[in-house]
Amino acid sequence: MKNYKLIICLFLLLGSALAKAQATYDFQVAAVSPEPFSVAVGEEGQIFIDVGYLGDAPVPIGGIRVQLSISGEIEIPLPVNFSDNGCYLSGSIWAVTYIAYINGNTEVVLKNMVGVMNDGVSCSMTIPFIGKSVSCEDCGAISCNASFTDEAIGIGDTNGNNNSATALFTVTAPLPIKLGEFNAKVDDCSSVNVTWNTYSEENFDRAEVQKSVDGRNFVTIGSVKTKGNGASVNNSYVFTDNTPLVSGTVYYRLKAIDLDNSISYSRVATAIVKCDNAIDMNIYPNPTHGEANVTFSGFKTNNMREMLLLNVKGDVVKNFKMDPLSNNNLNISELPSGVYYLKLVDESIVLQKKFIKVN
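Our numbering numbers the first residue of the sequence shown as 21 and each following residue consecutively.
Treat the hints as calculated values from the structure; they're not laboratory data.
Incorrect hints may appear among the rest.
[Said to hold, decoys possible] Dumping the calculated DSS-like pairs for lysine-lysine here, alpha-carbon to alpha-carbon at most 30 Å:
1) Lys374 - Lys294
2) Lys198 - Lys152
3) Lys131 - Lys333
4) Lys320 - Lys205
5) Lys374 - Lys320
6) Lys205 - Lys374
7) Lys374 - Lys341
8) Lys333 - Lys152
9) Lys373 - Lys131
10) Lys294 - Lys205
11) Lys152 - Lys131
12) Lys374 - Lys338
13) Lys294 - Lys341
14) Lys275 - Lys198
15) Lys373 - Lys205
16) Lys245 - Lys205
17) Lys333 - Lys374
18) Lys294 - Lys320
[Stated by the list, open to error] If you anchor each label on the Cβ, the simulated ranges turn out as follows:
19) Lys294 - Gly200: 24 to 34 Å
20) Leu328 - Ser353: 16 to 26 Å
21) Asn349 - Asp208: 32 to 42 Å
22) Asn105 - Asn302: 16 to 26 Å
23) Tyr118 - Thr269: 25 to 35 Å
24) Lys341 - Ala193: 36 to 46 Å
25) Gly92 - Gly176: 32 to 42 Å
26) Gly62 - Pro99: 18 to 28 Å
27) Gly176 - Ser211: 48 to 58 Å
28) Pro99 - Ala193: 25 to 35 Å
29) Asn339 - Asn302: 19 to 29 Å
Keep in mind that this is a model prediction, so the values were computed, not measured.
We treat Cβ as the ideally placed atom computed from N, Cα and C, and that holds for glycine.
Turn these sequences into a full structure, and let the hints guide you.
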């Protein structure tokens with residue numbers, strides 16, 4: 021009888037050990053991205069951090085450490101105006117626990133000090149920054165690394181391939197103009213008016229108005245000549261964007277061109293488009309484990325549209341066509357977890373949506 025009980029105990033212990041060995045504790049850094057990816061010295065932007073967790077047990081308070089290492093071309097203003105934009109199916113759980121400037125770079129540590137991290141949860145956070153010194157193109161870097169802390173008792177990372185991410189950025193020279201207000205506003209759900217004024221224009225030729233749907237990839241949609249150079253001016257400008265309205269946030273900036281053809285870029289202005297007639301795309305569920313539905317609105321004809329699937333670096337992973345008047349299936353089950361962008365490319369329309377793939 022004693023041997024029988026001993027065998028049962030050994031069996032239970034072995035079963036418990038196997039269950040622990042097969043448990044999943046996968047914290048993922050889906051993406052880190054500055055918006056915009058290019059700023060002038062003195063101009064402002066934000067760093068977006070997207071993370072997620074799949075696990076057989078919640079991670080306790082203080083159990084996750086997310087560390088940002090930011091090169092010295094941008095700086096984080098103090099005190100840190102950190103924003104926890106909330107977690108899917110949860111609330112705000114993150115806080116800045118450490119910031120230091122080391123050898124010209126900035127180190128920032130975030131921890132889930134406000135709440136536990138539950139299974140299937142994704143979170144988004146932002147930290148503002150300011151352009152500090154000129155860099156070559158894509159020479160600035162932000163790296164993000166995550167790990168479980170000693171507070172996560174009994175939890176160890178079961179997938180070490182997705183707990184880091186890196187993004188590049190550019191800081192350009194200051195503008196040749198002293199820019200006052202710079203705004204973009206939807207006008208009666210038919211167009212977007214981009215307006216700005218200047219208080220100084222020296223050796224300045226023109227401003228190209230550029231537009232983006234992701235805050236990174238800008239295209240020129242028009243050009244406006246200077247109204248007159250001078251150390252002290254008061255010039256006002258208006259440019260109307262008559263391209264089809266795309267639902268969501270649209271980004272605008274000025275590409276300032278001097279008389280000697282040197283180039284610099286303004287800060288970014290945004291317009292929030294919420295119009296019934298606006299073109300839009302919806303991806304659900306988001307996050308997805310491999311298959312998602314894609315629907316469109318605002319299109320009048322069912323002409324097949326060219327689609328690009330991009331990874332977080334902007335590389336094209338797939339290209340295919342979709343019908344804007346139908347419910348389309350998107351299968352990415354073979355791709356690794358992370359942040360992806362689905363982009364519609366047309367002669368007059370650029371539409372892009374972000375979604376997260378989790379394994």
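Hints versus structure:
A threshold of 30 Å between alpha carbons decides the hint, and for lysine 374 with lysine 294 the separation of about 18 Å falls inside it, so the pair holds. Distance restraint check for lysine 198 and lysine 152: the Cα-Cα separation of roughly 17 Å lies within the 30 Å cut-off, and the hinted pair is therefore satisfied. With a C-alpha separation of about 26 Å, the suggested pair lysine 131 and lysine 333 falls inside the 30 Å cut-off, and the hint holds. Restraint check for lysine 320 and lysine 205: the C-alpha separation of about 25 Å stays at or below 30 Å, so the hint holds.
Proposed proximity of lysine 374 and lysine 320 is supported: the alpha carbons are some 24 Å apart, at most 30 Å. Taken as a hint, the lysine 205 and lysine 374 pair is honoured in the structure, with Cα atoms around 23 Å apart against an allowance of 30 Å. Simply put, lysine 374 and lysine 341 have alpha-carbon atoms about 18 Å apart, close enough for the 30 Å limit, and the pair holds. Note on lysine 333 and lysine 152: the hinted pairing holds, with a Cα-Cα distance of about 24 Å set against a maximum of 30 Å.
Between lysine 373 and lysine 131 the alpha-carbon distance is near 28 Å, which keeps this suggested pair within the 30 Å criterion. A hinted pair counts as satisfied when its Cα atoms are at most 30 Å apart, and lysine 294 with lysine 205 qualifies at roughly 11 Å. Proximity of lysine 152 to lysine 131 is assessed by CA-CA distance (about 27 Å); at most 30 Å being required, the pair is judged to hold. Using a Cα cut-off of 30 Å, the hinted pair lysine 374 and lysine 338 holds, with the two alpha carbons roughly 15 Å apart.
For the proposed pair lysine 294 and lysine 341, the alpha carbon gap of about 26 Å is at most 30 Å, so the pair holds. With a C-alpha separation of about 14 Å, the suggested pairing of lysine 275 with lysine 198 holds against the 30 Å cut-off. A hinted pair counts as satisfied when its Cα atoms are at most 30 Å apart, and lysine 373 with lysine 205 qualifies at roughly 21 Å. Restraint check for lysine 245 and lysine 205: the C-alpha separation of about 21 Å stays at or below 30 Å, so the hint holds.
Among the hinted pairs, lysine 333 with lysine 374 is consistent with the structure: their alpha-carbon atoms are about 12 Å apart, no more than 30 Å. Between lysine 294 and lysine 320, the direct Cα distance comes to roughly 18 Å. Compliance with the 30 Å bound is thereby established for this hinted pair. Roughly 27 Å separates the CB atoms of lysine 294 and glycine 200, a value that falls within the hinted 24 to 34 Å. Between leucine 328 and serine 353 the Cβ separation comes to about 19 Å, which falls inside the hinted range of 16 to 26 Å.
As the Cβ distance of asparagine 349 to aspartate 208 is approximately 36 Å, the hint placing it in 32 to 42 Å holds. For the pair asparagine 105 and asparagine 302, the beta carbons lie near 20 Å from each other, so the given range of 16 to 26 Å is met. Taking the beta carbon of each, tyrosine 118 and threonine 269 are about 31 Å apart, inside 25 to 35 Å as hinted. Between lysine 341 and alanine 193 the beta carbon distance is about 42 Å. The supplied range of 36 to 46 Å therefore holds.
Between glycine 92 and glycine 176 the Cβ separation comes to about 34 Å, which falls inside the hinted range of 32 to 42 Å. Separation of glycine 62 from proline 99 is about 20 Å and conforms to the stated range, judged on CB atoms against 18 to 28 Å. Taking the beta carbon of each, glycine 176 and serine 211 are about 55 Å apart, inside 48 to 58 Å as hinted. For proline 99 and alanine 193, the Cβ-Cβ distance of about 29 Å falls inside the hinted range of 25 to 35 Å, so the restraint holds.
Remark: the range hint 19 to 29 Å for asparagine 339 to asparagine 302 is upheld by a beta-carbon distance near 20 Å.
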